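Trainee: Read off the chains here:
There are 2 protein chains.
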Amino acid sequence: MSCPRMPEKGDHTIPALLDQPFCDDASQLEALEECRRLAQSYVQVDGSVAVLSDFASDVSYMYAGGFGKSLHIEKPFTLLPSAFEDCIFHLLHPDDLLERHILELRYFAMQKELPVTERTKFSCHCRVRVSNGDGGYTYINHRIFYLKSHQNGSIWLSLCLYAPATDNSNRAGIDGKIMNQDTGEIIAVEQYSRYDRSLLTGREVQILSLVAKGLGSKQIAAKLHIALYTVYRHRQNIISKMQVTNATEAVRIAMTMGLLHE
Amino acid sequence: MSCPRMPEKGDHTIPALLDQPFCDDASQLEALEECRRLAQSYVQVDGSVAVLSDFASDVSYMYAGGFGKSLHIEKPFTLLPSAFEDCIFHLLHPDDLLERHILELRYFAMQKELPVTERTKFSCHCRVRVSNGDGGYTYINHRIFYLKSHQNGSIWLSLCLYAPATDNSNRAGIDGKIMNQDTGEIIAVEQYSRYDRSLLTGREVQILSLVAKGLGSKQIAAKLHIALYTVYRHRQNIISKMQVTNATEAVRIAMTMGLLHE
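Chains A and B, in that order, are what the protein sequence lines are.
Residue 22 in full-length UniProt numbering sits at position 22 of the first sequence; the count goes up by one each step and never skips.
Residue 253 in full-length UniProt numbering sits at position 253 of the second sequence; the count goes up by one each step and never skips.
Okay, chain A solo, but in the shape it has when bound (with noise of 0.2 angstroms):
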């Protein structure tokens, strides 16, 4: 098997998500076709949505029991041509949205730190608000897995479920929680925020820092002397790592987390 190694420890920032090295090997068709199987399985049993993605390939398989209508997914399963199911992430509420993405971030940056055999032990949890369609919001539950990684560490396949709420009270906050199934134990928010440090480089938080005071790029390649290009490049890199689609909501998200220099 040639598979592209991880960066050596001293690069210190983690890849994006889509980003990782992968690499092909026979056993992967298999490991695949057992993971459909498992999130058909699920659904089958409580009636909710899972949504297996690969990282790899960027597409995503979702499969939808009699919850699904709730959110407009009318097919048992639907191919997505992204690895992020943003069909359903555009009906949840904008602040849950952030607040959800940010909790995965901080869950992929600390299942990134432990060993491929450790990391299907924990799970991340939140209750967000999704769009019932005439102004309203419902809660639902939402759950994140990583299933497969590959053997040089890049997380492969994951499966998120979708499902209604029992708890319905309503609180602010997404009640975010990184847990250990075997042992219930919720892992604390100190423990696994320690990672947000390493998602960006010094040099992308300066970048990011100068866009969120309303820099535009020529403006930042100046006070930088840097060529525009390579702002350019620090640009799409954090958006790719933030993995989001434009530089604003890496703000937004950055800013939230902390990151940003005053």
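This list has only true hints and no planted wrong ones.
Copies of the same chain look alike in the list, so a pair counts if it fits in one copy or across any two.
Only pairs whose alpha carbons sit at most 35 angstroms apart, straight line, appear in this in silico DSBU-like list of lysine-lysine:
{"#": "1", "residue 1": "Lys213", "residue 2": "Lys223"}
{"#": "2", "residue 1": "Lys112", "residue 2": "Lys213"}
{"#": "3", "residue 1": "Lys213", "residue 2": "Lys177"}
{"#": "4", "residue 1": "Lys177", "residue 2": "Lys121"}
{"#": "5", "residue 1": "Lys75", "residue 2": "Lys121"}
{"#": "6", "residue 1": "Lys112", "residue 2": "Lys177"}
{"#": "7", "residue 1": "Lys177", "residue 2": "Lys69"}
{"#": "8", "residue 1": "Lys69", "residue 2": "Lys121"}
It is worth saying that the hints were derived from the structure and are not from the lab.
Remember, it's a predicted structure, so these values are computed and weren't measured experimentally.
Use these hints to put chain B onto chain A, whose structure you have.
Mentor: Below, chain B without anything else, positioned relative to chain A:
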């Protein structure tokens, strides 16, 4: 297929889970295999404990992931010689066990009133305390699904899931809920507790009320002018319908449900 028919409507009371009229047909082995596979898949994803109970054969198939250890279950698979997983039940806090038991009786009674095809829409949720072995208790989530019914309406295969609770806040009671999984609607307790009265016949209520007052079987026979054997038979039926092991437990449950005469 020669299936024993369900009692006619005039019979009123709901049979005990194990006393339903079961039948055999070739497709059942396949359905059982499918459900065993579903239970295993569930455990594989979230590492919890899943018990598939076969009420026709009075056995259970227990699958345990990493969380099994917290429930003193060491092996990934155990065939239990009963449809009820006493090895888990005896770890529950007695108050929670009673409340959970009543919730399941009501869930069963409600499901019996539904067409077979509607039953997989509804699941039963609660949070119970399990002994941690040091005199303390830990919260876990418990869910029940009736996966398969026979064509004659008998509930055949149930799946019970035991997973760590994400909500460990100190609240009284088990927060029991029956949910429509397609819509997320929580069924009001008034709606499903209206079947309570159909759990026991008038005669059974009369006899259990006398047991509750401390009368022995001989005294009950004398008071009601019936044979001692008849009292024994009624007591056995009550115990069976209440899914308990003795009359004292049946009294406790019936009292909590408000079924007994003053």
